[in-house]
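Undergrad: Here is what each chain is made of, one letter per residue.
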Amino acid sequence: MGLYILRRLGSLVVVVIIVTLFSFSLIKFIPGDPVINMVGYFDPKKIGALRHQLGYDRPFIVQYVDWLKGFLHGDFGQIFHGVSGGSPAYAQIKRALPVSLELMAFAMVLTLLFAIPLGVLSAYRNGTWLDKIFSTTAFGLIAIPDFVVGIILLDFVAVKHGWLPANYTYWGQNHLDHIKSLLLPAISLAIGQIAGYMRLLRSDMIQTLQEDYVAMARAKGMPDRRVLWLHALRPSSLTLFTVAGLNIGALIGGTVVVEVVFQIPGMGTELFSAITQRQYQEIQSFVAVIAIGYVLVNLFIDILYTFLDPRVRSARALA
Amino acid sequence: MQELSLSPEAGTAPVGGGADVAGAAVEPVVVEQAPSRKFGIGAWLASIWLVGLAIAALIVPFTSLTTNPKYPNLADVGPFKSGAHIFGVDAIGRDQLSLLLWGARSSLILGVGAIAIGMIVGGFLGLAAGYIGGRTDTLIAGVFNVLLAIPQLVLALALVTALSNDQPHISGTSVSFTPVSPARRLIVLIIALGIVSIPVLGRITRANALTWAQREFVLAARAQGAKSLSIMIREVLPNVLPAMFSIALLGVGVVIVAEGGLAVLGVGVHDPSVSWGVLIAGNRSAISTGYAYLLMEPVVFIFLTVLSLNYLGDVIRARFEFRDSAL
Amino acid sequence: MIRYRANGRSVTKAVAAVMVFGLVAAACGGNSGGGNSANGGSTVTTANEANLKPQYGGDATFALEADTTGGYCLSEAQLAIAGIQVARSLYDTLTVPTANGTYVPFLAQSVTPNATFTTWTINLRPGITFSDGTPLNAADVRDNLNNYRGQADPGDPKPLVTGELFPFVFASVTSVKATGPMTVTVTMSKPWAAFPASLYSYGRLGIMGEAQMHDPKKCYINLVGTGPFQFKGNWVPNSHMVVVKNPHYWRKDKDGNALPYLNQITFQTVLETSNLIGNLQSKTSDLADTDNDIAIPKFITAAKNGTMHLLESDTDTEIAYTLLNEKTEPFNHYSARAAFAYAVNREEYNKLRQGGLLKSASGPFAPGVIGNLPATGANGTNLPDYDVAKAKQYAAQYKQETGHTLTFQYGTTNDADSLTSALLIKSYLEAAGMKVSIRQTDQSQYINDAIQGTYQALAWRNHPGFDPDTQTIWWTCSAPAPNPQPAVFPVAKKCDNPVNFSGFNDAVINNDMAEARGTTDVAKRTQLYESVNKEFAKQLWELWGYYVLWTVPSQTNVHGINNLALPTATSVNAVGDKPFLGLASGIDPAPLWMSK
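Line by line, the protein sequences are chains A, B and C. If you read the first sequence in my numbering, its first letter stands for residue 1, the second for the next number, and so on. If you read the second sequence in my numbering, its first letter stands for residue 1, the second for the next number, and so on. If you read the third sequence in my numbering, its first letter stands for residue 1, the second for the next number, and so on.
So here's chain A without its partners, still in its complex pose (with noise of 0.2 Å):
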């Protein structure tokens, strides 16, 4: 087991380099001068010996080395700001990351709160006109774009009715404007999801309805309400979890439109900014954050699934 992690941390830093790498030599192709947008210098002279300073003139390889040696001691480069003020891109991932995550799990508690008992209601019922309704609407509520849901829901609460803020504030500005101002996008997040979740428990928690054990604790005369919740979620649940930390993993960085129609000065926002304004070094560790965070939590996954399906654990021995 240790040497399996091992090896998969191992994996993990060639994940990351490649990622950086790659992402550094893409940014390097935009066009567009960081030098000139940070100062907007009319003078050539000016903007070489910035450029020179700034070491952007170096070959592309001694840039990116520079940059993970940076990374790997902590410093995740500067942010500029105007001619001469910098400040570490390190505080605003510090600052950027817990908002994004925060308003990832909020999504997920709103996913999970509906989409739990939802799934399990139509699959208890399954083949009813319930299950039939729940089932329809949550397909279509797939085909919805989260954004879209987001542009919808701000301009119809925010905008026209004025019963949420359409402004993110912060926990420390006042803590009940900054949970009302998470709510909405939450939701554009969520809304797909519960959809999602919902039917990937139901199809789940109908095979295990099947299972024999299930049907003799029915059999033994145990209530229904009790079978469902207790014998039949446990194990389907570790699917619903599964998917959700995935889903995790990859939502880190992907949602920006949602953030940015908000917004949110979370991970996407502020990437985004960052590409916008060409601050290199301050795109790159968001970029290496993002790739790390998506990596560990596959992992973290991974390992719980070994220790709880010794299923999985044989087969990783065959492997």
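Treat each hint with caution, since some may be false.
[Claimed, not checked] Derived DSBU-like pairs: lysine-lysine, alpha-carbon spacing no greater than 30 Å straight-line:
(1) K46(A) <-> K538(C)
(2) K232(C) <-> K180(A)
(3) K45(A) <-> K190(C)
(4) K217(C) <-> K94(A)
(5) K45(A) <-> K351(C)
(6) K232(C) <-> K45(A)
(7) K46(A) <-> K493(C)
(8) K46(A) <-> K435(C)
(9) K160(A) <-> K283(C)
(10) K578(C) <-> K538(C)
(11) K46(A) <-> K232(C)
(12) K493(C) <-> K45(A)
(13) K390(C) <-> K538(C)
(14) K160(A) <-> K304(C)
(15) K180(A) <-> K390(C)
(16) K28(A) <-> K217(C)
(17) K435(C) <-> K69(A)
(18) K217(C) <-> K69(A)
(19) K538(C) <-> K392(C)
(20) K46(A) <-> K190(C)
(21) K28(A) <-> K218(C)
(22) K351(C) <-> K160(A)
(23) K493(C) <-> K399(C)
(24) K283(C) <-> K180(A)
(25) K177(C) <-> K180(A)
(26) K94(A) <-> K493(C)
(27) K351(C) <-> K53(C)
(28) K69(A) <-> K94(A)
(29) K232(C) <-> K217(C)
(30) K245(C) <-> K45(A)
(31) K435(C) <-> K351(C)
(32) K46(A) <-> K158(C)
(33) K596(C) <-> K160(A)
[What the hints assert, rightly or not] So the derived label-pair ranges between C-beta atoms look like this:
(34) D75(A) <-> T116(C): 25 to 33 Å
(35) T136(B) <-> L6(A): 18 to 26 Å
(36) S595(C) <-> D75(A): 45 to 53 Å
(37) G55(A) <-> H214(C): 54 to 62 Å
(38) E401(C) <-> H52(A): 54 to 62 Å
(39) P490(C) <-> H52(A): 32 to 40 Å
(40) K46(A) <-> T568(C): 37 to 45 Å
In short, the hints are calculated from the structure, not lab data. These figures come from a predicted structure and were not determined experimentally. Quick reminder that beta carbons are idealized off the backbone N, C-alpha and C, glycines included.
Go by the hints and put chains B and C onto chain A.
TA: Here is chains B and C on its own, set in the frame of chain A:
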């Protein structure tokens, strides 16, 4: 950007052996065969919508429908003021129906094109990984992981700005301006979103290839000394295709939506092309300005299209009973 | 100064808002709700405030259209109106404009020229301290001015934080000396009668404390000023910035009570139209600075219903226009410029894209600015207006001159609203026989294009009013201009001033701007700036579009918006001139208060 891989259904990483990061090896869950997923009236409606749309998108260049705001007629701006514009007229006098059909053209080409890349590249890699296994499998799984770990936004934004910008060329003191061709932007978008779809389709293919690779007839073919490549293509591929195709249908929808996300960020298709995403992005504040139909029409078009694609994908899945919901 | 409306890290819409010919409008064919009087000016839709007694305390949430992530190292910062608004809460300028367009001392007690306007003596107001406790003295002001201009007299501290623009503004300043503990003497190579206007520079020339200027790396965030509010480090870029009351602020209200009234202001970055409207309607924001054409009609309605207050002004505002590049084909040809000018239906465009809110510009000088002229009539600029036949005729003439069809790229930012506006412009141009492609770039690229001259035509905005002398840096060149101006601008003669993005070099403009700089004679200056105005209309170096309309929407319990009189030379109480009416440099935050 809509996560390409992550609708729990389209993206559930399939079963597999060793080095797959996401795909833990578990017994596949066989999806129950819902009776409603037979090729019934729903499937017919979905097919009719998609085929109709495809035909409209094909012939729209040969009609008089144009997206030019050539003769902005103030009297016509607003919903349904003139019988000539059954879907209304947008803020600068463009006929909304024309926009929607021209938009269908870009959106469908984009969706199908990107998924074609994903199918071909991802399909081949997945097939090889699943059939050959061993180191090949490890390597390809690594490639998929790398592709999945790159934030899709960075990939798409960078590709579009790097490869399809109308950056003037400076030589000495003279500057020359060559406009970006919308076709080129479309191709770059297809490539960008195609790359993103490679690991998704690749993994599905791999998982299915893995199960088929152990079947008797494949083993028999191998015993008879058939070449690997030939077995892969003759024996494994035909059996894997329905699964790929089903996921590909979902994928087309996801790509269409993803372009919408890019359009919101300002890197959708390029003028004079329009796409549904561009129309949605362009009418973001339409509800608060009383022109909600400008936003809702492309939304409905995307909705119906994605719904139809998902439904047909489901029908195929139910028909062929393959294993896809693996986790 | 350059009006990067959305400075730095801003997302689509604010990016859009940059310098756009048609601004940012979107689908709103709504009626023209603009409440402006016919000749421009300010309209206030608020209750009569004369009898209200200001109350102390409170935290106002002030929505701004962008965050200045470049920070507030004023001498090098690129401040748009949002940034200026924040800067005005933390810093004071040496001079300020008044309601009648003159400049009076503010942080200074007096600003006096010699007879030839080549030496200016600035006397500072006594007893003012910076937020770090150090008193304001002549050395501080000298060092500020040196940082702005990027030079120092021998023996004085070297400037450490100098931006790109102000060295051009103060190019003719040869020496800045602290000639007494509270006296600074500025010497210049040429007469500069309008120098006090540049000491304000649209509110950008705030005086920073030495502690801020000493550390270049931290200058952007270590904000030390004398303003009504202070910065305590609470700033989350792209989200909000909090400034708290300066308990020792030097200005007092007319009764001698301490200012400011508010305990703190939370500046909130609100990029998107929807969010802006939503915030004011849900009372998440107490007030805002905005020129958003979609939002303004909403606020006008709300103000009419009495649910909100609204202050509007297009006096002394900036101009939305098309920036042409005369350094290259095709706009070095007069025929190409004329074809463009005649092709665009500004009136219809305004209705379709700007809710009918904006007034077409007659020239680069907004109402309220000297040199402003009517569009038509004997003394009008007679700027070309929509006439397809003439547009076609000029396009044909261009083809005759060059042998090919008039073809060019029209640049706009890459958000959807700007694109829609650009498409409409394109359709006008194509209807007149031109071939136009739209080039959409993100904001960084956009500004680079203008600076490097890699564009043909860009949607742009600049030239806020105040004193026309402040436009000198944008339009004048020192290299000799072709005289008379031929039909095709000789590119070899292009402007040697890199801040003149278009690159034109015009003898009349060069001479008149320079001559006007040397005099305070109002009649003379008016005549010279009118001549500049007419020359622009004659040569069509830029295609003037609209006067930008700025508004301050607010909740009904917010008071004191732009109504505090200025101090006088002898009194720090608000007993002097009425404040400037224009909103292009934000509002004075000191008198803001909220009723409970």
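Undergrad: Each hint: holds or not?
TA: Here is how each hint holds up against the structure:
1. Pair hint K46(A) plus K538(C) does not hold up; C-alpha atoms about 37 Å apart against a cutoff of 30 Å.
2. With a C-alpha separation of about 27 Å, the suggested pair K232(C) and K180(A) falls inside the 30 Å cut-off, and the hint holds.
3. Annotation: proposed proximity of K45(A) to K190(C) holds, straight-line Cα distance about 28 Å (limit 30 Å).
4. A hinted pair counts as satisfied when its Cα atoms are at most 30 Å apart, and K217(C) with K94(A) qualifies at roughly 21 Å.
5. Proposed proximity of K45(A) and K351(C) is contradicted: the alpha carbons are some 46 Å apart, above 30 Å.
6. Note on K232(C) and K45(A): the hinted pairing is violated, with a Cα-Cα distance of about 37 Å set against a maximum of 30 Å.
7. Taking the CA atoms of K46(A) and K493(C), the gap is about 24 Å. The hint holds against a cut of 30 Å.
8. A C-alpha spacing of about 37 Å is found between K46(A) and K435(C), which places the hinted pair above 30 Å, so the restraint is violated.
9. For the hint pairing K160(A) with K283(C), the CA-to-CA distance comes to about 13 Å; that is within 30 Å, so the pair holds.
10. Our distance criterion of 30 Å between C-alpha atoms is broken by K578(C) and K538(C), whose separation comes to about 37 Å.
11. Taking the CA atoms of K46(A) and K232(C), the gap is near 33 Å; set against the 30 Å cutoff, the hint is violated.
12. Proposed proximity of K493(C) and K45(A) is supported: the alpha carbons are some 22 Å apart, at most 30 Å.
13. Our distance criterion of 30 Å between C-alpha atoms is met by K390(C) and K538(C), whose separation comes to about 15 Å.
14. In summary, the hint linking K160(A) to K304(C) is supported, as the alpha carbons are separated by about 17 Å, within the 30 Å threshold.
15. Straight-line distance between C-alpha atoms of K180(A) and K390(C) comes to about 57 Å, which puts the hinted pair past the 30 Å bound.
16. Taking the CA atoms of K28(A) and K217(C), the gap is near 25 Å; set against the 30 Å cutoff, the hint holds.
17. With a C-alpha separation of about 51 Å, the suggested pairing of K435(C) with K69(A) is violated against the 30 Å cut-off.
18. Among the hinted pairs, K217(C) with K69(A) is consistent with the structure: their alpha-carbon atoms are about 23 Å apart, no more than 30 Å.
19. Proposed proximity of K538(C) and K392(C) is supported: the alpha carbons are some 19 Å apart, at most 30 Å.
20. Using a Cα cut-off of 30 Å, the hinted pair K46(A) and K190(C) holds, with the two alpha carbons roughly 27 Å apart.
21. Of the pairs offered as hints, the one joining K28(A) and K218(C) holds, with about 28 Å between alpha carbons and a cut-off of 30 Å not exceeded.
22. For the given pair, K351(C) sits about 23 Å from K160(A) by alpha-carbon distance, which is consistent with the 30 Å threshold.
23. With a CA separation close to 23 Å, the supplied pair K493(C) and K399(C) stays within the 30 Å bound.
24. Distance restraint check for K283(C) and K180(A): the Cα-Cα separation of roughly 14 Å lies within the 30 Å cut-off, and the hinted pair is therefore satisfied.
25. Of the supplied pair hints, the one linking K177(C) and K180(A) is violated, its CA atoms being roughly 56 Å apart against a limit of 30 Å.
26. For the suggested pair K94(A) and K493(C), the alpha carbons sit about 52 Å apart, so the restraint of at most 30 Å is broken.
27. A distance of roughly 41 Å separates the Cα atoms of K351(C) and K53(C); the hinted pair therefore is violated under the 30 Å criterion.
28. For the proposed pair K69(A) and K94(A), the alpha carbon gap of about 19 Å is at most 30 Å, so the pair holds.
29. Distance check on the hinted pair: K232(C) and K217(C) sit about 18 Å apart at the alpha-carbon level, within 30 Å; holds.
30. With a CA separation close to 43 Å, the supplied pair K245(C) and K45(A) exceeds the 30 Å bound.
31. Distance check on the hinted pair: K435(C) and K351(C) sit about 25 Å apart at the alpha-carbon level, within 30 Å; holds.
32. Between K46(A) and K158(C) the alpha-carbon distance is near 18 Å, which keeps this suggested pair within the 30 Å criterion.
33. Note on K596(C) and K160(A): the hinted pairing holds, with a Cα-Cα distance of about 26 Å set against a maximum of 30 Å.
34. At about 56 Å, the CB distance of D75(A) to T116(C) disagrees with the hint of 25 to 33 Å.
35. Roughly 23 Å separates the CB atoms of T136(B) and L6(A), a value that falls within the hinted 18 to 26 Å.
36. Remark: the range hint 45 to 53 Å for S595(C) to D75(A) is upheld by a beta-carbon distance near 50 Å.
37. Taking the beta carbon of each, G55(A) and H214(C) are about 25 Å apart, not inside 54 to 62 Å as hinted.
38. At about 44 Å, the beta-carbon gap between E401(C) and H52(A) misses the expected band of 54 to 62 Å.
39. Take P490(C) and H52(A): their Cβ atoms lie about 36 Å apart, and the range 32 to 40 Å holds.
40. In this structure the supplied range 37 to 45 Å holds for K46(A) paired with T568(C), their Cβ-Cβ distance being about 43 Å.
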